Structure formats: C-alpha cells, structure tokens
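In terms of our numbering, the sequence shown opens at residue 4 and continues consecutively.
Watch out, some of these pointers could steer you wrong.
Claimed, not checked - Straight-line C-alpha distance at most 27 Å; calculated DSSO-like pairs for lysine-lysine:
1. K250 to K126
2. K333 to K298
3. K176 to K333
4. K250 to K176
5. K73 to K89
6. K126 to K205
7. K160 to K126
8. K302 to K292
9. K292 to K176
10. K250 to K89
11. K84 to K250
12. K84 to K73
13. K176 to K89
14. K160 to K250
15. K205 to K84
16. K176 to K205
17. K63 to K73
18. K292 to K333
19. K84 to K126
20. K89 to K251
21. K160 to K251
22. K84 to K251
No lab work stands behind these hints: they were computed from the structure.
Here the structure is a predicted model, which is why all the values come from computation and not from measurement.
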Amino acid sequence: YRIGDTFLRRFDMDRHTLHRQTNMYYPFANLGDWEMANFLLQSNLSMREINSYLSLSMTKKMPLSFWTAKELCGHIEDLPKGPHWKIHIVPMHHPTTSPVELYWHDPLECIEALFNHPFYAGKMDYSPFRVFTAVGQIMRVYSEWMSSDRAWELQVKVPTGSMLCGVILLSDKMNITNVCGGKVAHPLLISLANIRMNVRNKASSHAFLLTALMPIVEFIHPIPRIHSVLEARLFHTCLDFILEPLKKAAQLGRMMADPLRNVRFCFTPLVAYIVDTPEACMLACVRGKMSPVTKAMYKDFSDPFRHGPHTGEETLCRLGSIRCDPNDVKAYFDTCA
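Using the sequences provided together with the hints, build the complete structure.
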C-alpha cells in the first residue's frame with residue numbers, strides 16, 4: 004500500500020513549522036516555559052487555581068509566555084490536534100433531573116492515533132504468531148494477544164493482506180470533581196491489543212486513551228429499584244453510540260498508517276473489555292448473583308467443571324423473546340425476572 008502520515012509528520016507540517024526551526028518549543032518561549040506549562044496541565048489544579056498561582060509575585064518574576072489559564076489553554080490549542088472532544092445529547096424515554104450529555108472521542112481516531120504513534124514502532128505485532136518452548140512444538144507459550152488461538156481464528160476471516168487491530172476497552176466508575184463540579188462518570192478507555200503487553204501495561208507508555216465520559220444521571224421514577232435498570236440502559240445506549248465507528252471498521256476495514264508510515268488495511272474487532280464484576284454483570288445483562296461469562300449461578304461457583312459460556316447471541320435471543328414494551332420499565336423488569 005501507499006505511504007501515509009504519522010502524528011510527528013503532521014506536527015512538522017503545520018502552520019508553525021517555520022517558528023519551530025528556531026524554537027523547537029514553540030508556541031512556548033523555551034524549555035523552562037514548556038516545563039512550567041506541562042507541570043500545570045498535568046497537575047490537578049482547576050483553572051481558577053492556575054490563575055491564582057500565575058498571579059503570585061514570585062511566579063511573575065519568571066519569563067513565562069502565559070499569565071492566565073486561558074492563555075495557557077490558547078497555547079495548547081495552537082499545537083497539532085489529536086482526537087478532539089465531541090458532545091452528544093442522549094435522548095431519553097424517561098425523565099431525568101438534568102440533560103444527558105455524553106462527552107466522547109471518536110474511538111477509531113483513538114485507535115489510529117495509537118497505531119501510527121512513533122513511540123510504538125517496534126513495540127507492536129502486526130500478524131498472529133505461535134511460540135513453543137522447543138523445536139518439537141509440544142508445549143506452546145501464550146503471551147501477547149497475537150499469540151492466541153482467537154487471533155488466528157479472526158485473521159483467516161479478513162481479506163488476504165489485511166491485519167487485525169484488536170481493541171481493548173476499560174471502564175470503571177470514578178469521581179471527576181476537578182473536571183465538572185463533583186459529577187460522577189464512567190471513564191471509558193481504549194487501547195490496542197497489538198501493542199506488546201510489557202509496554203501497554205506501563206502507565207508511562209500512555210497506551211490507554213480516554214475515549215468517553217459515560218454520563219451518570221439521576222432518573223425521576225417512583226420505584227427506586229428501577230433506577231439501576233435505567234442507568235444500565237443508559238450505559239448500553241451510550242456504548243452502542245460511541246462504538247459505532249469501530250463496528251463499521253470491524254466489518255468493512257479501515258486504511259491506517261503504522262508508525263513507519265506504511266498504510267495497512269485494518270479491521271478492529273473487540274478482543275477484551277476490562278471491568279470489575281458489577282460492571283461485567285451489567286454489560287452481560289445478568290444479575291449480580293450470576294457469572295457474566297458462564298451460565299453458572301453463585302451456588303455453582305465451586306463446581307469442579309466449567310459451565311457453558313454466556314454468549315452475546317444467546318442474550319440477544321432471550322431479549323428478543325420478551326413480549327413486553329421495553330419503555331414500560333417495571334413490566335419489562337418483572338418479565339425478565
């Protein structure tokens with residue numbers, strides 16, 4: 004295929020290229036100016052706290068190129084852009100105390116940003132492989148996702164010459180007070196299974212990108228137990244909306260440049276979703292006393308054999324067999340029970 008662009012190449016071709024020939028830290032004045040900006044941006048300080056710090060007499064003696072948080076953000080806006088934030092108002096069939104706002108990045112842009120990042124050159128795999136402990140090929144070693152049987156099974160289903168970009172999702176409920184006033188959200192992170200495990204698992208590698216802040220809102224419903232059902236529906240609705248670009252790329256493929264600028268025909272199957280048990284049950288549409296990955300109930304967890312898998316196809320079949328209006332949440336919940 005043809006030669007593509009990487010982030011660094013786009014960085015070197017933007018409108019400030021001439022300035023960077025004499026000052027590699029532009030739009031910052033020098034290394035010290037950039038270090039101060041980087042420190043403030045990486046800290047947990049709010050915009051008001053940054054303004055307070057920059058207004059200190061000692062700080063004003065420093066030769067900085069910015070004196071307010073707004074000017075600092077303006078410098079950042081001058082830098083070449085990665086995936087940009089979008090907002091989507093989620094329509095709801097049931098009343099909430101506030102509008103449901105979903106902030107998200109295009110996950111396909113996030114995957115592409117990881118796939119062609121120069122840092123990962125030589126640190127990712129492009130095709131499935133098998134590793135054995137000896138030449139006799141008796142004992143097999145499983146390490147990276149590309150060394151798994153599943154990677155081989157998926158590879159034979161895509162066109163010859165194309166490759167897999169395995170998608171990893173991660174989510175966990177946490178507080179984001181510093182971002183938007185004490186609200187709670189589910190940060191949804193995304194990574195690439197092709198990146199080798201010893202690199203991906205290091206926080207300093209930044210191999211997981213924030214792709215969405217899943218909204219958590221307060222529903223107005225007279226029955227308290229229905230609130231959790233509505234929250235789970237909202238999560239599934241948002242997830243379905245966010246992952247639509249990845250679904251299309253998994254079916255049709257997408258041309259993407261690797262870290263060496265080689266353009267490859269890529270498919271993006273979801274290969275892992277890292278969550279704790281309560282979230283796993285919510286994603287699998289099962290109650291908390293049932294395994295999210297098998298058909299075992301909590302009483303069966305000590306059985307010496309493995310129960311049958313809990314598959315998405317079976318879940319969809321069961322949901323489709325329910326003869327009840329999904330918008331009548333109480334009746335739907337009672338029918339499912």
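Against the structure, the hints come out as follows:
no., hint, result
1, K250 to K126, "holds, 26 Å"
2, K333 to K298, "holds, 25 Å"
3, K176 to K333, "holds, 26 Å"
4, K250 to K176, "holds, 24 Å"
5, K73 to K89, "holds, 20 Å"
6, K126 to K205, "holds, 13 Å"
7, K160 to K126, "holds, 25 Å"
8, K302 to K292, "holds, 9 Å"
9, K292 to K176, "holds, 20 Å"
10, K250 to K89, "holds, 19 Å"
11, K84 to K250, "holds, 24 Å"
12, K84 to K73, "holds, 18 Å"
13, K176 to K89, "holds, 21 Å"
14, K160 to K250, "holds, 15 Å"
15, K205 to K84, "holds, 24 Å"
16, K176 to K205, "holds, 21 Å"
17, K63 to K73, "holds, 16 Å"
18, K292 to K333, "holds, 21 Å"
19, K84 to K126, "holds, 24 Å"
20, K89 to K251, "holds, 19 Å"
21, K160 to K251, "holds, 15 Å"
22, K84 to K251, "holds, 24 Å"
Consistency note: the structure conflicts with none of the earlier hints.
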